[in-house]
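Guided by the hints, dock chains B, C and D onto chain A, whose structure is given.
Number of protein chains: 4
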Amino acid sequence: MPDRVLKAMSMPLLDHRGPQFSSFAAKISADLKKLFRTQQPVMIFPSSGTGAWQAAFCNTMSPGDAVLLPEVGMFSTLWGKNARAMGLEVIEIPGDWRSGIDAGKVEEALKADSAGKIKAVLATHNETSTGVTSDIPAVRAAIDAAGHEALLFVDTISSLAATDMRHDDWGIDVTICGSQKGFMLPPGLSFTVASQKALAAVESATLPKGYFDWAPAIEAAGNGLYPYTPPVSMFYGLREAVDMLLEEGMENVFARHARLASATRAAVSAWGFENQSINAHEHSNAVTAIRMPDGVDADAFRSLVLNKFDMSLAAGLGKVAGVVFRIGHLGYQNDLTLMGALSGVEMSLGLAGIKHEKGGVDAAMQLLSEAVGA
Amino acid sequence: MPDRVLKAMSMPLLDHRGPQFSSFAAKISADLKKLFRTQQPVMIFPSSGTGAWQAAFCNTMSPGDAVLLPEVGMFSTLWGKNARAMGLEVIEIPGDWRSGIDAGKVEEALKADSAGKIKAVLATHNETSTGVTSDIPAVRAAIDAAGHEALLFVDTISSLAATDMRHDDWGIDVTICGSQKGFMLPPGLSFTVASQKALAAVESATLPKGYFDWAPAIEAAGNGLYPYTPPVSMFYGLREAVDMLLEEGMENVFARHARLASATRAAVSAWGFENQSINAHEHSNAVTAIRMPDGVDADAFRSLVLNKFDMSLAAGLGKVAGVVFRIGHLGYQNDLTLMGALSGVEMSLGLAGIKHEKGGVDAAMQLLSEAVGA
Amino acid sequence: MPDRVLKAMSMPLLDHRGPQFSSFAAKISADLKKLFRTQQPVMIFPSSGTGAWQAAFCNTMSPGDAVLLPEVGMFSTLWGKNARAMGLEVIEIPGDWRSGIDAGKVEEALKADSAGKIKAVLATHNETSTGVTSDIPAVRAAIDAAGHEALLFVDTISSLAATDMRHDDWGIDVTICGSQKGFMLPPGLSFTVASQKALAAVESATLPKGYFDWAPAIEAAGNGLYPYTPPVSMFYGLREAVDMLLEEGMENVFARHARLASATRAAVSAWGFENQSINAHEHSNAVTAIRMPDGVDADAFRSLVLNKFDMSLAAGLGKVAGVVFRIGHLGYQNDLTLMGALSGVEMSLGLAGIKHEKGGVDAAMQLLSEAVGA
Amino acid sequence: MPDRVLKAMSMPLLDHRGPQFSSFAAKISADLKKLFRTQQPVMIFPSSGTGAWQAAFCNTMSPGDAVLLPEVGMFSTLWGKNARAMGLEVIEIPGDWRSGIDAGKVEEALKADSAGKIKAVLATHNETSTGVTSDIPAVRAAIDAAGHEALLFVDTISSLAATDMRHDDWGIDVTICGSQKGFMLPPGLSFTVASQKALAAVESATLPKGYFDWAPAIEAAGNGLYPYTPPVSMFYGLREAVDMLLEEGMENVFARHARLASATRAAVSAWGFENQSINAHEHSNAVTAIRMPDGVDADAFRSLVLNKFDMSLAAGLGKVAGVVFRIGHLGYQNDLTLMGALSGVEMSLGLAGIKHEKGGVDAAMQLLSEAVGA
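Protein chains in written order, with the working numbering: chain A, 1 to 374; chain B, 1 to 374; chain C, 1 to 374; chain D, 1 to 374.
Extracted from the complex, chain A is given alone in its bound form:
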């Protein structure tokens, strides 16, 4: 987390029912529209991203409704689990955890649903467990091509601020995000944007909403008056984080993430390792999942890196636990912190006796030099 954000979070707390806090909070919601590229209100819930998933179901669906879930990795799988927990039927399009959403199969599945049982397509924009980014406009086009009424839900938890994302232009119905990735904040807040079509679905939805009712959250987005006691220090951190992103400029933020991601891939390639993501146009700007050679335990390698260089690499999750390790390049990072991380990996590969080519660090420097010098 950036120092600016940490400091902001430790400011003494404003009275959350006072006019000063409400105008402060309303201004944040207004500025969040720029990040989500929308004219719709940005709802904030004091919850993790899972809470925002659940809110989307409660507000737009009824028990027994179905959702279409293209499986792309661990987090899309958890999304399906939450849907089932809410009493929904999950129709899954199985995936290989190495590529993004297959828009053709989405279209096919929707066409097959002549009864209109499917109420939403659950699209994970960036799958954190695999480092694969899916093509959301293609999913939108698939829904349209099928002539199906299903809503398009998009989870942007690990894509926001790493790569371009446009709620309105891309025809998304529900965009879901969390505070702990691109916003460089601790976890604790979730964000939701709903289209007019999604809001219309609220009227006929019968799942109980309670805590996750969108209606007061939409009001709060407008007037800053929260129906619950808002997590004030998180709002302070959010204010600072949004300012930092807007000061850098979203185009520059995306370019920085793209550069760091390319440099990481250059290193992975040079080491002779395989990227978990197999399609070049789907490689993630936010995280790279690296497959270890057969017979090498990725978790043992991560332990060695932690032990020798005090650096935490992200673990493989679910089906790829022990198979991949992940280098995150999302959020508060720059060229030199990335080079420190890549150096740590290259040195550790040697120390661990894992067969690899030298030159990953050199390849990354080559790429960054060209990008920065351009």
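Please keep in mind that the hints were generated in silico from the structure rather than gathered at the bench. It cannot be assumed that every hint is accurate.
Pairs involving identical chains hold if they fit within one copy or between any two copies, as the list cannot separate such chains.
The calculated DSS-like cross-link candidates involving lysine-lysine, where the alpha carbons are at most 25 Å apart (straight line), are [unchecked claim]:
hint	residue 1	residue 2
1	K7	K27
2	K197	K111
3	K197	K34
4	K81	K209
5	K209	K117
Below, chains B, C and D alone, put in the same frame as chain A:
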């Protein structure tokens, strides 16, 4: 908020999936048992207290079940609203907002429920809007006397750390709390303790749980491994707050709150004002709601205090909006910060031209001197 | 210390040789001119106020030179001690520690110095140990009336930001200040303003200057380039403190201090105690020293207050150790924090069994009500 | 600065005249003895290191006394300037700014001083401007061999915590240090240790001491009662910094610095550049000064690095301004932050079109891998 807590919250974040965080988090849950006086696990959700209310419903009830709600003020009313939002029937025992739960009426209502439709009694321990504390053991006795199977839910959001509260000894089935009052933290975490009987009810409950599923939260209380991304900085603050309370000693914490509350009431009495709470044994240790003379707008008075002395008094809520103002004496306060506040009120009464007797501040000093000198 | 200042001081450090820091530092020096009411550069040394005393001697005097010291209390005495340590002769005008500088005696002493041995008059603007403020323009007039060439040195360590102080208009030659009082900062920085006449004296002064050489400090005040490694975090705190004072407006800052001081004196009077300061026009806006009745140990009383109410009162120093205790009302204080303090004193007087009249707190409230209501 | 130190510095301030602060401060001085390897008290002044230089002169010398100054770089030159400002004669042994103190020449100069005019030898342990560390025991031996009474003053401002330093065992008379390097603190405190012989010299010294009087500072080192208002927040930071060093263990701290220094030199060598330090046994653990090829402006290069990679490299100073740039590896650094820095330099060399060999980063990784893997 205490400086110690603010500093703790701005510490750099541990990796929440690492072993260091999990043992840190498990230790907090263990220490929380001392505050809730229980052997049961203390579940932590990243939500406001409303989320914990909802969790209790989802985990123990089914659509159409009924709850018995003794109305004691604004927050008990909101609790009923959440129950209705979850599809439950709310059987209300109307109250006057000036006294606590009438255990006799609880017994009566339960006896009348021969069909056993009522699944829980919703008891607000300290009603923040009125400054009235209810006798929870009496409610327990009433349920027992009625021979009814209903669970006893107790909201301790504004009583914990202000007054004695004992989950196990008092036979509570679900204790619910939040981070923003006695814990001296920002809002953002809720706490839940469930009895064995409440846990047994989970099996037959059919409301969808999802985000609010108790099962993984109970596991996390044991091993510190959270099913969601935990709000790490809040956990740091919680660690510090729990340490501060245990260092002072809970008996001393209660005695301090009782002393400050008595001094406040002595001032109110001397000014010739009425306490919203009418029964001496129910006066709150956490907050005192003061009724303004007829024809005096409490909110106009609060504005004057804010304007002249930069002090925020709490507003009257719901039925007593504009009628009462409230002086909080919960959390990080001592004799002299209270005297500052009471002086501000007494001076403002004069400045506002509100008819009152002088001598409130003197009466409070008299009481504190005796208590401190004892 | 205000939260704003504490936060500012914990910002990550700028490179102190970089252009960003130098323009930041130069801007602070420029803004400090507004507080010292001067067009001359404001020099900053990383030292306590004692260092600034010494700097003034080194830069303007030669071994064996004399200074005229009107004794007003403990700090003026220490100033003389520093002068002697630097090899200067100190001609003292003895004082009673209860009144300010007697301008008539200054004039007299200067007239008696026909040889012109006296190079400076050392005037303490506010004597912290006694709560007495001296009339600096009167001292200036005395020097002029004597037709003497002596420089006028004024120590404003505890007067700056509490009461009006004007380097240029009042004809001061060297104004000396420190960071730890009116600036609401930790100790660690000293401030010096020198008149053209004082700067001219540098040429003939032969005391060794070294660390305390004014010349590079004057350059640094202009360009922000410090000859030594500057205490960067102190500069951040200073920036914030200066902003806070200028935002409130110096006239408002003075009025607030005057009001709190008057309220304190009203309480002292009502208790039946004597103010160490005996002349009404010299009562300090910054601190009030209160004489205990004969036979009462002020330090024992201070211990009781600390023990019972966790409040530190300032001790009597030097000749009045054990005789007075002091209530500071300088810096980051408002009406209600003062009322908390006065309440703590009044309650403790009772607990200590010290004979006094009740009603000090009431008298202070009366005064503040009138001032705030005006 | 480490987060732990920043947090410590923003703690609310203890009353500096209270018993809690004095025992806290005395404990710090006691622990500092372990870092200076001494049984003598460690004096703390609120000043930069320059102040400690001056204090050493004032307390042990008289006007006209001479000091012997082996010139090793910019900071030794400034030391001589301070001596001259204090009215001392400076006998300089000219140096090439690329090697350390020539003990033979020290012996020679002392032998030539049959009149005993030289009162002290001023030895800079680590010269920050050149990255050269001198052999202090050799200087001690030279003084002894000459049979001269001169005191041995050692400036350890940039060597403490980077490399072994032993006040008592090495026979140092006055050790001088500052807070802003190995202590990882902001500038603002200086440290002094005096031998019995140095303390004996105080009696006959006639330079005015004032602010820099050792006597009260020695008392304060013992009882924590400071003669001036101590910079409390700096003391908090110092406490934390000393704890961090002692927790890591001084041997480990030295080993870490040695490893990072070696890796840096491996990179410099691989790039084909020259180290400003020409003798292998004198290469600094704290900083490496790198000579640019003829015709290349080191400052233009530093600007490019700042601009492209947001990294501040230290400038060449004095005679080597524009000729060298410096990589600091002192204080709060680890293998990966160093690798980030070296990568930034290597990429920038390419971007700047400066002729160099590739492979510096690889060479550094090679060295670190071997050291860490050992």
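A quick look at each hint next to the structure:
| no. | hint | verdict |
| --- | --- | --- |
| 1 | K7 <-> K27 | both (20 Å within a copy, 23 Å between copies) |
| 2 | K197 <-> K111 | within (20 Å within a copy, 48 Å between copies) |
| 3 | K197 <-> K34 | within (21 Å within a copy, 49 Å between copies) |
| 4 | K81 <-> K209 | both (18 Å within a copy, 11 Å between copies) |
| 5 | K209 <-> K117 | both (21 Å within a copy, 22 Å between copies) |
Taken one by one, the earlier hints all hold for this structure without exception.
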